[in-house]
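Engineer: One-letter residues, chain by chain:
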Amino acid sequence: MLVSVYRYNPDVDKAPYMQDMEVAIPEGRDLMILDVLAIMKEQDPTLAYRRSCREGVCGSDGMNMNGKNGLACITSISQVVKGGKLVLRPLPGLPVIRDLVVDMSMFYKQYEKIRPYLINDMPAPAIERIQSPEDREKLDGLYECILCACCSTACPSFWWNPDKFIGPSGLLQAYRFLVDSRDTATVERLADLDDPFSVFRCRGIMNCVSVCPKGLNPTRAIGHIRNMLLQRAT
Amino acid sequence: MVMSVTSFGRSGVYDWMVQRVSAVVLAAYVLFILGYLVASPDLTYEAWKGLFSNACVRIFSLGALVSLGAHAWVGLWTISTDYLKNGVVRFLCQALCGAVMFVYFVWGIEILWGL
Ligand code: SF4
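Heads up: the sequence lines are chains Y and V, in that order. The first sequence begins at 49 in the working numbering and counts up by one. The second sequence begins at 110 in the working numbering and counts up by one.
Pulled out of the complex, with its shape left as it was, chain Y reads as follows:
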C-alpha cells in the first residue's frame, strides 16, 4: 500500500514535505493505522508520532488520516483507505513539533480556562458528596472525553481563533462541570463563557461530532451551554 506521510523536522528541513512510502501489508489482514505506522518506523526510524495505550483510551495518536481526524490505533485501513492510498498528516491547525507530533499547548490552555475540576464551597461531608443516579446520568456522554483533540482540530472556528474560542472539546468539558449537581460555581462558570468568542464562535458545523472517536456530541453540549446562558440572561 502506498502511504504518503507528512514529514517535518525543524532542525533539518526548511519546509514540511510529503514522503511516499510503499508499505507491505500482510495478506488478508486489516491492520490499524497505528500498526501501519509501526511498519513504516521500521523502514525509517526517523519517523515521529505519538502513541501510548494503542487501544483508543489515552488519546495520544490523534492524527489526520485521508482527510479525517481520528485515533490511529482504532482506525483500520478498510475504514479510511479507498483506492489503495493512505495520506497521513498531523492534526490540522496546531503547530507541528515534528512529523505527526503537534504542539497541544493551545488546546490545553482552552481546557484549563474552563476550570476542569469540581468547585464546591460547601463544607466537605464526612465521607463523600452524594449524587443521585439521575444526576449522575447527566454526565454520561460528557465524562468519557479523552482529550485527544480530534474534534477541536477539525473545527474551522478553532482554526481561526484557537486563542479565543474554547473549542468543542473544552466546551464539552465545560458543560460536564456546569451540569454536575455537586458543582456550586455554575454562575461564575457561565459568566466566564458569556463573551462573543468562547462559546458563540461555534457555528454548528458539527465536524466535531463526525470525528469524535468516542462517539461524543460536543455540538449538543454547546447547545446546552447556550441555553443556560440564554436563561441566565433573560
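Since the hints were made in silico from the structure, they are not lab data. Bear in mind that the values here come from a model prediction, so they are computed numbers and not experimental data. Every clue listed holds true.
The calculated DSS-like cross-link candidates involving lysine-lysine, where the alpha carbons are at most 27 Å apart (straight line), are:
| hint | chain 1 | residue 1 | chain 2 | residue 2 |
| --- | --- | --- | --- | --- |
| 1 | V | LYS194 | Y | LYS161 |
| 2 | V | LYS194 | Y | LYS62 |
| 3 | Y | LYS262 | Y | LYS130 |
| 4 | Y | LYS133 | Y | LYS89 |
| 5 | Y | LYS161 | Y | LYS186 |
| 6 | Y | LYS157 | V | LYS194 |
| 7 | Y | LYS262 | Y | LYS161 |
| 8 | Y | LYS157 | Y | LYS116 |
| 9 | Y | LYS116 | Y | LYS133 |
| 10 | V | LYS194 | Y | LYS212 |
| 11 | Y | LYS157 | Y | LYS186 |
| 12 | Y | LYS89 | Y | LYS130 |
Stretch by stretch, here's where chain V covers chain Y in the computed footprint (C-beta under 8 Å, at least three residues):
| hint | segment |
| --- | --- |
| 13 | 206 to 215 |
| 14 | 246 to 253 |
Stretch-level coverage of chain V by chain Y, calculated; a stretch enters the list once three of its residues show a Cβ under 8 Å from a Cβ in chain Y:
| hint | segment |
| --- | --- |
| 15 | 119 to 130 |
| 16 | 187 to 199 |
All residues carry an ideal CB built from backbone N, CA and C; glycine is no exception.
Please arrange chain V with the ligand on chain Y, whose structure you already have, making use of the hints.
Structural biologist: Leaving out everything else, chain V with the ligand in the frame of chain Y:
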C-alpha cells in the same frame, strides 16, 4: 472571558439574540412584501406609493432596515474576526461596514419619509 470592544453587544448571548430576532423581522418583512407583490399583479406607482405612505408600513420598513443593519453587523463582525488577523485591516474593514450600514439607515429614513 474574552474581551472585545468592537462586537455589537460585547456579550455573546446578546449578539446571538440580536442575530435571531433581526432574522425573524427580516423574514417577516420579506414575506410581507412578497405577499403584497403576489396579491397585486398589476401594481401601479400610485398603489406602491400608497402602501408606503401608510405609517405602519413605514415603521415596519424602518424596523426591517434596523434589523438588516444589526444582522449584517454581527455577521460581518464575526467574519472579519475569523479571517482578518491584522488588527488595523480588521478595524478598517469593520469601520467601513459600520459606515455603509449607517448610510443605508439614514438614506432609508429619507426615502421612507421623504416621499
Ligand atoms: S470530544 Fe471526542 S474528539 Fe473531542 S477531545 Fe474528547 S474524545 Fe477527542
